[in-house]
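A.B. asks: Sequences and hints are given; from them, build the entire structure.
There are 2 protein chains.
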Amino acid sequence: MSKKFVYLFSEGNGSMRELLGGKGANLAEMTNLGMPVPPGFIITTEACTQYYKDNEEINAEIQAEIMQYIDKLEEMAGQKFGDKENPLLVSVRSGARASMPGMMDTILNLGLNDEGVVAMAESSQNHRWAWDCYRRFIQMYSDVVMGVGKSYFEKLIDDMKEKRGVKDDVELTAADLQELAEQFKAEYKKEIGVDFPQDPKVQLMGAIKAVFRSWNNDRAIYYRRMNDIPGDWGTAVSVVKMAFGNLNNDSATGVAFTRNPSTGEKQLFGEFLLNAQGEDVVAGIRTPQPIEELKKIMPDVYEKFVDISERLENHYHDMQDMEFTIENKKLYMLQTRNGKRTAAAALKIACDLVKEEMIDEKQAVAMIDPRSLDTVLHPQFDPDVLKKAEVIGTGLAASPGAACGKVVFTAEDAKNAGAEGEKVILVRLETSPEDIEGMDAAQGILTVRGGMTSHAAVVARGMGKCCVAGCGAIKMDEENKQFELGGKVYKEGDWISLDGATGFIYGEKLPTVDAVIGGEFAKIMEWADQYRVLGVRANADSPKDAIQAKKYGAEGIGLCRTEHMFFGEDRIPAFREMICADTVEQRIAALNKLEPMQQEDFEGMFEAMEGMPVTIRFLDPPLHEFVPTEEEDIELLAKAQGKTVADIKAIISSLHEFNPMMGHRGCRLTVTYPEIAKMQTSAIIKAALTVKAKHPDWDIEPEIMIPLTGEIKELAFVKKFVTETADELIAASDVKITYKVGTMIEIPRAAITADEIATEAEFFSFGTNDLTQMTFGFSRDDAGKFLDAYYANQIYEQDPFARIDRKGVGKLVDIACNLGRQTRPDIKLGICGEHGGDPSSVEFCHEVGLTYVSCSPFRVPIARLAAAQAALKDADREDDEF
Amino acid sequence: MSKKFVYLFSEGNGSMRELLGGKGANLAEMTNLGMPVPPGFIITTEACTQYYKDNEEINAEIQAEIMQYIDKLEEMAGQKFGDKENPLLVSVRSGARASMPGMMDTILNLGLNDEGVVAMAESSQNHRWAWDCYRRFIQMYSDVVMGVGKSYFEKLIDDMKEKRGVKDDVELTAADLQELAEQFKAEYKKEIGVDFPQDPKVQLMGAIKAVFRSWNNDRAIYYRRMNDIPGDWGTAVSVVKMAFGNLNNDSATGVAFTRNPSTGEKQLFGEFLLNAQGEDVVAGIRTPQPIEELKKIMPDVYEKFVDISERLENHYHDMQDMEFTIENKKLYMLQTRNGKRTAAAALKIACDLVKEEMIDEKQAVAMIDPRSLDTVLHPQFDPDVLKKAEVIGTGLAASPGAACGKVVFTAEDAKNAGAEGEKVILVRLETSPEDIEGMDAAQGILTVRGGMTSHAAVVARGMGKCCVAGCGAIKMDEENKQFELGGKVYKEGDWISLDGATGFIYGEKLPTVDAVIGGEFAKIMEWADQYRVLGVRANADSPKDAIQAKKYGAEGIGLCRTEHMFFGEDRIPAFREMICADTVEQRIAALNKLEPMQQEDFEGMFEAMEGMPVTIRFLDPPLHEFVPTEEEDIELLAKAQGKTVADIKAIISSLHEFNPMMGHRGCRLTVTYPEIAKMQTSAIIKAALTVKAKHPDWDIEPEIMIPLTGEIKELAFVKKFVTETADELIAASDVKITYKVGTMIEIPRAAITADEIATEAEFFSFGTNDLTQMTFGFSRDDAGKFLDAYYANQIYEQDPFARIDRKGVGKLVDIACNLGRQTRPDIKLGICGEHGGDPSSVEFCHEVGLTYVSCSPFRVPIARLAAAQAALKDADREDDEF
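As they're listed, the protein sequences go chains Z and Y.
Here the first sequence is numbered in the numbering used here, starting from 567 and rising by one per residue.
Here the second sequence is numbered in the numbering used here, starting from 567 and rising by one per residue.
Take these hints with a grain of salt, some might be off.
Since the list can't tell identical chains apart, any single copy or any two copies may satisfy a pair.
Derived pair list, reagent style DSS-like, types lysine-lysine, alpha-carbon separation capped at 27 Å [as the list claims (entries may be wrong)]:
| id | residue 1 | residue 2 |
| --- | --- | --- |
| 1 | 775 | 619 |
| 2 | 1439 | 906 |
| 3 | 1351 | 1159 |
| 4 | 721 | 569 |
| 5 | 989 | 1041 |
| 6 | 1286 | 1351 |
| 7 | 751 | 650 |
| 8 | 1089 | 1110 |
| 9 | 1394 | 1373 |
| 10 | 906 | 733 |
| 11 | 1394 | 1377 |
| 12 | 721 | 733 |
| 13 | 1279 | 1377 |
| 14 | 906 | 1047 |
| 15 | 989 | 1075 |
| 16 | 1057 | 1351 |
| 17 | 1041 | 1209 |
| 18 | 751 | 906 |
| 19 | 1351 | 1279 |
| 20 | 862 | 1351 |
| 21 | 619 | 1279 |
| 22 | 1351 | 727 |
| 23 | 619 | 1244 |
| 24 | 1215 | 1351 |
| 25 | 954 | 755 |
| 26 | 619 | 1286 |
| 27 | 1286 | 1373 |
No lab work stands behind these hints: they were computed from the structure.
C.D. replies: And the structure:
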């Protein structure tokens, strides 16, 4: 039997989302529930993928099947498609598996033609309605199917209104609308070269193809990328007998939510327009009335609608977003779906539904989009103020939150201003590790260059600080401490505001609203923690970050990057002395200066975490990141080191690397300079002993992590220095502690030889940032030059640095987990790349059985929720199997 | 039963090399053959690895076992170890599985002490001998076991000779030697703090440990790396009753080869020293006599030795390298092994042995070291001249061969001089793609910076041209066209000579001897081709290289790099115009200029290969490699493009990459600029059609290779442009050809998703250079900074860019082969990284079942031979299984 590509509403049901799309499945479900849905049918998502396989053509079989269903629809409607007396009109609408509001296309009143409109006008004796339907259809068909006329048609309407001296579309007469329809057709012919199609079948196939095609329009591709929707799902198409909200003043069209989508309040929330069709509400040409007004105008209809909306919410156990049309006082339901909502509303609705016993706690946990939590965890601008504020420029939305402050141009200035309690925005061409303190002191960071994974973006996300990156339109004048943007000059001290969630820059002081982590947030998190299996740790490099992480529910530190500790003003000189050392003795002398400071850092971390696990990674970046670049600083260094400027420049030049990503870094530094690892081990162990002595009841078991391992002998070589140093210190101490030595898995070779690596490593932490770079063979810093072309051509649907690439990187992670467990069944497995805070990647981590994920402190709640959802999904699957 | 760690000679045999080492196994074999070998035993290689497991200690069990065998040896020798009257003396010598001449340590006369030497002097009435033995023993023991005294002892001997007014050691009297022994012991005590050990057991264990330890001395590690010997094999130790070549003038010691190791001529070849011990021959203190002299002095012994040497050659079916000692006219065989020989000798010996019916053709093929062919394929310096020439500096032996010419400093000068028939050496800080023509015109290339895989090294090896790279000692003064090395200044026009096999630089004109590819070479190659399964192709970018490759037996071109074609003076302007294009139209216009030139290139390649397969790779390097770097050139480009210098600089700066290795290159260029792929396809197909029209009987099937694929959709996207362009051209032509589209597998993600990739790719070519970089996560250009530390610490034993890393990179290759064949069972699989010319890697390629290897033309014979050896090994293994 050949595949069935078309379903009547009565043949489907709500569980058939994959095949029928969300809209189609829900129309079927409402039909089955006996609700007033106009008759119609659905062309499946499989027909859409078939259309793409057939080189963007609808094949003859599917066309035939569609026409069979048109026959059935005619029978149900008692009207004929293309009938000259009483033609059947339909809407043709998209409907993907996941709701993608406004991303794809819709055509109403399809089936009308020059004869039909006259007949309809006559038979209904409503000429205005008939011509309104026709002009709308020509308008939509031209735009959606043929891609012509949109703005010109709008202009023609405006001209007509001006000519007639009216303000509102409704005031145009039948004759006006007829004239418009003729003008539209003329324009159509001029643009396309042939007459507007009169055959309803041609119209129908054209419209269906247009909907299929709209699956791959730019905004749909972008929306899918933002929302993790696979590109091969395709969209279904619903073909529904029209209900006419524009028939007369006893007709209307509207949308409504069963609860308030902004606040979550339980209260019908919606609006409608009398004598209008769907797109009028969206287009905002007329101002709709609040749904409560309907009660006054058509109380029976209102009551019926309230009843249906309550039934739908009870049926779907979630807040519903509904579309309806009233034709001559008769209500028709055109759509229902789980409504989009703000994060705050989502939390409230979930908790309320549990209270109302409509769902259980698991379902509440499952219904929150973890990514949406970003907005409740960061300060925001007042939405009302924002509407009126002028956007002076746009950059990348690199790190969420709202920030407002006076412009400063150097990290130093930011630090000083911060110390005086001033609010500042640090504006830089790009940031470097030396800017960290200034970034920390600023309210937000704005950079001219760099992408989503530039230094500024990565560090800001780690700090939970607002950042707008890569605003190339800025003309920077660092010398005079000013920049130009949107034709205006901003000087040091001028107020600007940044929205890190949109990338918008405002040239004024805008009030921010602090993040309010309400009771519902806490409740959902508590429930999530009950169900999740995966541990959640944080990446934190300072006691301050560690405390923040704990506040957000981190159960340990999965990654403490020691290199960030060396950039402090008090440390960098000793570190540079170490780099400039001519002999091992000199290097050790410099390291000895650093050791007490490192020890203090680690004591702070252990104190902050109060006995929770802390994973400390050895120095990772290449040494050239630590040397000065400015002539002046080079001179100072030369003086401090008793060397000539030429000597220092020779050292700097000797550190130059062609591909720093793949250079002399990570454990390779330890292989060449074992004394660095010895110093860091010593500082870690001494700190652990000190804190353990103060708090004997805390579990202090440092996890020492060796980065960039590629070969077991390399790890064994480095580990020897660690264990020798550590064991000696512990043996000499009265306090007893244990420690673990493990490694990052971030080199493909480490992943595929993980069975060997596990003989030495007591834990693995997947460094999926680097692993992604190496597995794909492209550098984050350079990929910006071509990734857009990859998205545009649908080669990649997702940024592999944001969401783990399961097929490639994920396969290596999975291989490494299995090999690691072969050797050491109880091996601790974690992840500490940026993926640790991405819900889809967290789900992957759950599936491959990691012990924990580690992410930046502000992403900890997101990871907790995503981990719980992954566990619940898993349980669901297991239930299904029994 | 516990493991047996010690074997008497009579308990072993020649097949036990792995356990007993080569020397031990052969001593056992000779013993079994009834040859005069002194009694002795062998401590196994497993004891050595056990020693390393036990933290460099010999455990009690093994010590006990050794002492049991000392008992047995005492019984056989009729002497007691440590006896005060007639002590048993032994030699303690290393012996690994593979012969490593001179790399490890030996101790003679062990067992002597203060009492023993007196007793031995008395009983033998040969005081001189007894004291000579003792002073030698103290000398060797101090040096080898304790690491002290070597040069000081030699000075003491020299002082003594001066005092006595003699020239030769033999002229020193018993009293002199006794005095020396006392001086040595005093020095020993001064250095070590305790008396020289008198207990033979202590001496013995010390010596055995020293031999085990010497397995990991620097020169042994280096030798193993050069010769592909694994570091975990360990060495065996032989303990043999001494035979004394220094007993009197009826005693002697010597070495001999059954054939001439330089020429291969069949003639006993060796030398001996009367009244001497082994190390005297090696040390060169006295000049030994040719072996023929022995016939006159001790005709019976000579005859016996000739007889034994013939028996040994017949027994081992190979030229033997033997050590012997004559004690009081009695001959003792101390060692035999297959002798080291020059490549020319190896070829002659192998062919002679076949002629003599001692071996068959397969064995002849198997006995030639493929790597040694390098020296017969390149010009060499006359070895006699070389001995007298002064080395003024040393660089890396980057590409073999000998070169001699006048110094020039620019590629331009090299080209001009070359055009006038002048021989020149191109001396550069480092070379760049722009220098190619100059490199081609020069006899040899010398660079100041860069490693074994620098541009100069890679290109020179491809050209088969001598190159010495990275001679950091050169002080370059490009402005004045001169450089300083070894305290002398060399100006333009001065003669220098380079030896690319050693890295030596000579400050004079040295005569070279051309490569003579004799009849034996051709014969061995012919035999090799009969047995090999693996195809052998060449990497060649020009018809000239292609013809060279065919001459060396290449069966096709496995890699034609199109980018090298763009650097010509006539092409680079159009290429830069393409880079500077503001619009697609401008880019296409520039590409249109390049197309006929590319077509001509490809026609040349197809013509040269006469119907053999040619694989052409699309443009691979990032575009910034093609832009000018000099101010002057930038100005010229600006003028040519009608742009400002600032515009051009902005373009150049926009092309900058942080990690060019992982940047915008390979097929990523096609994704952003499909028109480049279209132009290249068009040029390839037009060339193929043109050549096919001229030669209808040739198989012209271009293999179009897409580089740097990481994802199936990426390959499909690029392939579409190729097939559309190609199919259109073929359809429009009267001539019919087919073509293949395949991809490089050089990104880890491509390897692990090769099943998907194979749905589009008709062939894979493993780009193991890049695959090695990505799999290890280090860049070739930067790894030099730390790889030495990795070798020194035995983390890596081999340069993974020279020899394929089977455990990591090899695993990925194997995975990709299997996945590829799953999808497309007949998929063509090749390799085109530098590994394609490395024998060990060729063996790997055979094992994983590749279709062919592709390497630089000069390595083709090496690959052919290595492929044959791999196939023979395989057949052997299969034979073993039946």
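A.B. asks: Given identical chains, is residue 721 near residue 733, meaning Cα to Cα at most 27 Å, within a copy, between copies, both, or neither?
C.D. replies: For residue 721 and residue 733, the Cα distance is within 27 Å only inside one copy (14 Å; across copies 115 Å).
A.B. asks: Cα distance capped at 27 Å. Does residue 906 pair with residue 1047 within a copy, between copies, both, or neither?
C.D. replies: Neither: 44 Å inside a chain and 73 Å across chains, both beyond 27 Å.
A.B. asks: Measure nothing new, just compare the shortest in-copy and cross-copy C-alpha distances for residue 775 and residue 619 to 27 Å and report within, between, both or neither.
C.D. replies: within (13 Å within a copy, 72 Å between copies)
A.B. asks: Checking residue 1439 and residue 906: alpha-carbon separation at most 27 Å within a copy, between copies, both or neither?
C.D. replies: Result: close within a single copy only, 21 Å intra versus 68 Å inter.
A.B. asks: Could you figure out if residue 989 and residue 1041 sit no more than 27 Å apart (CA to CA) within one copy, between two copies, both or neither?
C.D. replies: Intra 23 Å, inter 55 Å, cutoff 27 Å: intra-copy only.
A.B. asks: Cα distance capped at 27 Å. Does residue 619 pair with residue 1244 within a copy, between copies, both, or neither?
C.D. replies: Result: close only across copies, 24 Å inter versus 60 Å intra.
A.B. asks: First find the shortest C-alpha distance between residue 619 and residue 1286 inside one copy, then the shortest across copies, and answer within, between, both or neither for a cut-off of 27 Å.
C.D. replies: between (58 Å within a copy, 15 Å between copies)
A.B. asks: Between the shortest in-copy and the shortest cross-copy C-alpha distance, which are at most 27 Å for residue 1286 and residue 1351: within, between, both, or neither?
C.D. replies: Between. Shortest inter-copy distance 22 Å satisfies the 27 Å Cα cut-off; intra-copy 42 Å does not.
A.B. asks: Classify it for me, residue 1041 with residue 1209: is the Cα-Cα distance of at most 27 Å met within a copy, between copies, both or neither?
C.D. replies: For residue 1041 and residue 1209, the Cα distance is within 27 Å only across copies (21 Å; inside one copy 38 Å).
A.B. asks: Could you figure out if residue 1351 and residue 727 sit no more than 27 Å apart (CA to CA) within one copy, between two copies, both or neither?
C.D. replies: For residue 1351 and residue 727, neither the intra-copy (48 Å) nor the inter-copy (76 Å) Cα distance is at most 27 Å.
A.B. asks: 27 Å Cα cut-off: does residue 954 pair with residue 755 within a copy, between copies, both or neither?
C.D. replies: Close neither inside one copy (42 Å) nor across copies (93 Å); limit 27 Å.
A.B. asks: Checking an output row: residue 721 and residue 569, CA cutoff 27 Å. Within, between, both or neither?
C.D. replies: Neither way: residue 721 and residue 569 sit 46 Å apart in one copy and 97 Å across, limit 27 Å.
In this structure, the hints that do not hold are numbers 4, 10, 14, 16, 18, 20, 22 and 25, in rising order.
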